[in-house]
Amino acid sequence: MTRHVVAGVEEIPPGSRKIVTVKGREIGIFRIGDNFYGLINRCPHQGAPLCRGEIVSRLVAPTPGEYRLTRSGEMIRCPWHCWEFDIRTGQSLCDPKSVQARAFDVAVEQGTALVEGPFVAEAVQVTVEESYVVVTV
Amino acid sequence: MNVTVLDRKPDNSAQSHLGFIDCDVHPYVKGPNDFDPFLSKRWLEHKQTIGGRTRQGLAKTAMYPRMSPGTGMRMDAWTKTGGHPGSDLPLMQEQLLDLFGVAYGLLAPLVGGAGGERNVEFGSAMATAVNEWQLANWCDPDPRLLGAIQVNIEHTEAAIAEIEKRAGDRRFAQVNIPPRGLEPLGRRRYWPILEACAANNLPVSLHLGGTSGHASTGGGWPSFYHEEHPSYVQTMQTLVTSLVCEGVFEHIPNLKVVLVEGGFAWLPALCWRLDKHWKRLKAEVPHLTRSPSEYVHDHIWVTTQPIEEPERPQDMLATLEWIGPDRVMFSTDYPHWDQDDPRYAFKIPLPDDWKRKIYRDNARALYNLD
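Protein chains in written order, with this note's numbering: chain A, 74 to 210; chain B, 2 to 371.
I should point out that these hints are in silico values taken from the structure, not numbers from a laboratory.
Since we're looking at a predicted model, the values are computed, not measured.
One should not assume that every hint holds.
[Claimed, not checked] Here are the computed lysine to aspartate or glutamate pairs in the EDC-like style, where the Cα-Cα straight-line distance is at most 20 Å:
(1) B:Lys31 - B:Asp77
(2) A:Lys91 - A:Asp168
(3) A:Lys91 - B:Asp77
(4) B:Lys81 - A:Glu157
(5) B:Lys348 - A:Asp168
(6) A:Lys91 - A:Glu157
(7) B:Lys280 - B:Glu295
(8) A:Lys170 - B:Glu312
(9) A:Lys170 - B:Asp170
(10) B:Lys61 - B:Asp37
(11) A:Lys91 - A:Glu127
(12) B:Lys348 - B:Asp371
(13) A:Lys91 - A:Glu195
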């Protein structure tokens, strides 16, 4: 497992995502508020580029006709078959016990900590003054 | 409960999906005027001043709009410049034809509105235009793509003329007939068209979708697209039942019918039911000299997408066996949102000889391809 600097924090505003390639794997880095999450860009169903789907809320209905919009902006909907996954965990909505997209640990580190290493930052120029998104793969 | 599919490896055994024949590929228009060069001045003016008259009440959208933009498109199939999925041959080649080394792609154009047009003269003119458009934009630039002859079956003479005009042109593989018609397809009013298809050795493909103006289920209009989707199965069941019970396959013994995008797991149960009642009701349909399931097996082919995903994946094998692995043909439905990927569609490995048949050989034989 190695830690990879994949973006500056400002590059990914809240509610948006960036798809990065680490160790030959495409990973979607999502920002919800000030927290960052990583999901593999491959749907466990049929291999679609999952992280390119729509970021949506979770709609629940305790009873027919009663709707509640929850978890605003915390679900990703697959661009092919519309399976929805929890951005924070990769857990699927359709079959949460057994269908999951692989999630990666993502953290925010200060440039000062990163210059001490160890980390990999091929594509991102690190300066001590900024904060960076670091994914563990 | 379904099995975990996380990190499931694609079925690359013997690269079984490579070089497959895709029995359902959708070409789209780049813009609303793409058919204009193929319309006579008379019908071009009609299109521009009067326009189409479909059998649905909504303009510019489907009866059951999909969640995915573009009335149900794979979201990664839009071109970089915002072009409609399926409208750009290079992208179709990149995402489908070249990616999998597709040997042939059977086109199913859902554009032009020829089949459902109420003005049957205009519908027939649009059918001709869509046929020319397929050749110019798809079949000629990429000979792997085989056209489907469009007709308006409410104009018998024009439909037969169009079929006869295209017969022998190897760029066309089959005749598309809308599955939702004004009457069940086995009714005698449609026999001359079906005869023309058989006489010219052209299978009839029935691709689900569209609307005839009738409610999409026998019990009325559903509320949700989730209900509309399985109603396509009812449509397919109606078609099979009608073709069998009316005696179409007795009258046209070399007619071949392909059910596209209706799935297939329902077919064995329908056959069991038809066979059971045939034993009891023979006196009503004395023209049926064989059991319904025999007609079905001899005359009907199914395509796979949207493939059923049984709770116990191994049940797929029994289902295929009941239908006959010689009657099932793989299809993706590119670029629709519910398309199937040939590497992942089957949740259980198939025997090698079934794979060869389903991915290639059945379509090769049916359409007489090299």
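Hints, one by one, checked against the model:
For the hint linking Lys31 (chain B) to Asp77 (chain B), the alpha-carbon distance of about 17 Å falls within 20 Å, and the restraint holds. For the proposed pair Lys91 (chain A) and Asp168 (chain A), the alpha carbon gap of about 26 Å is over 20 Å, so the pair is violated. For a cut-off of 20 Å, the pair hint linking Lys91 (chain A) to Asp77 (chain B) stands: about 16 Å separates their Cα positions. Straight-line distance between C-alpha atoms of Lys81 (chain B) and Glu157 (chain A) comes to about 25 Å, which puts the hinted pair past the 20 Å bound.
As the CA atoms of Lys348 (chain B) and Asp168 (chain A) are separated by approximately 16 Å, the hinted pair is consistent with the 20 Å bound. Simply put, Lys91 (chain A) and Glu157 (chain A) have alpha-carbon atoms about 18 Å apart, close enough for the 20 Å limit, and the pair holds. Annotation: proposed proximity of Lys280 (chain B) to Glu295 (chain B) holds, straight-line Cα distance about 13 Å (limit 20 Å). Proposed proximity of Lys170 (chain A) and Glu312 (chain B) is supported: the alpha carbons are some 14 Å apart, at most 20 Å.
Taking the CA atoms of Lys170 (chain A) and Asp170 (chain B), the gap is about 53 Å. The hint is violated against a cut of 20 Å. For the hint pairing Lys61 (chain B) with Asp37 (chain B), the CA-to-CA distance comes to about 19 Å; that is within 20 Å, so the pair holds. A C-alpha spacing of about 13 Å is found between Lys91 (chain A) and Glu127 (chain A), which places the hinted pair at or below 20 Å, so the restraint holds. Proximity of Lys348 (chain B) to Asp371 (chain B) is assessed by CA-CA distance (about 30 Å); at most 20 Å being required, the pair is judged violated.
Between Lys91 (chain A) and Glu195 (chain A) the CA atoms are separated by roughly 16 Å; this keeps the pair inside 20 Å, and the hint holds.
Consistency with the previously given hints fails for numbers 2, 4, 9, 12, ordered from lowest to highest.
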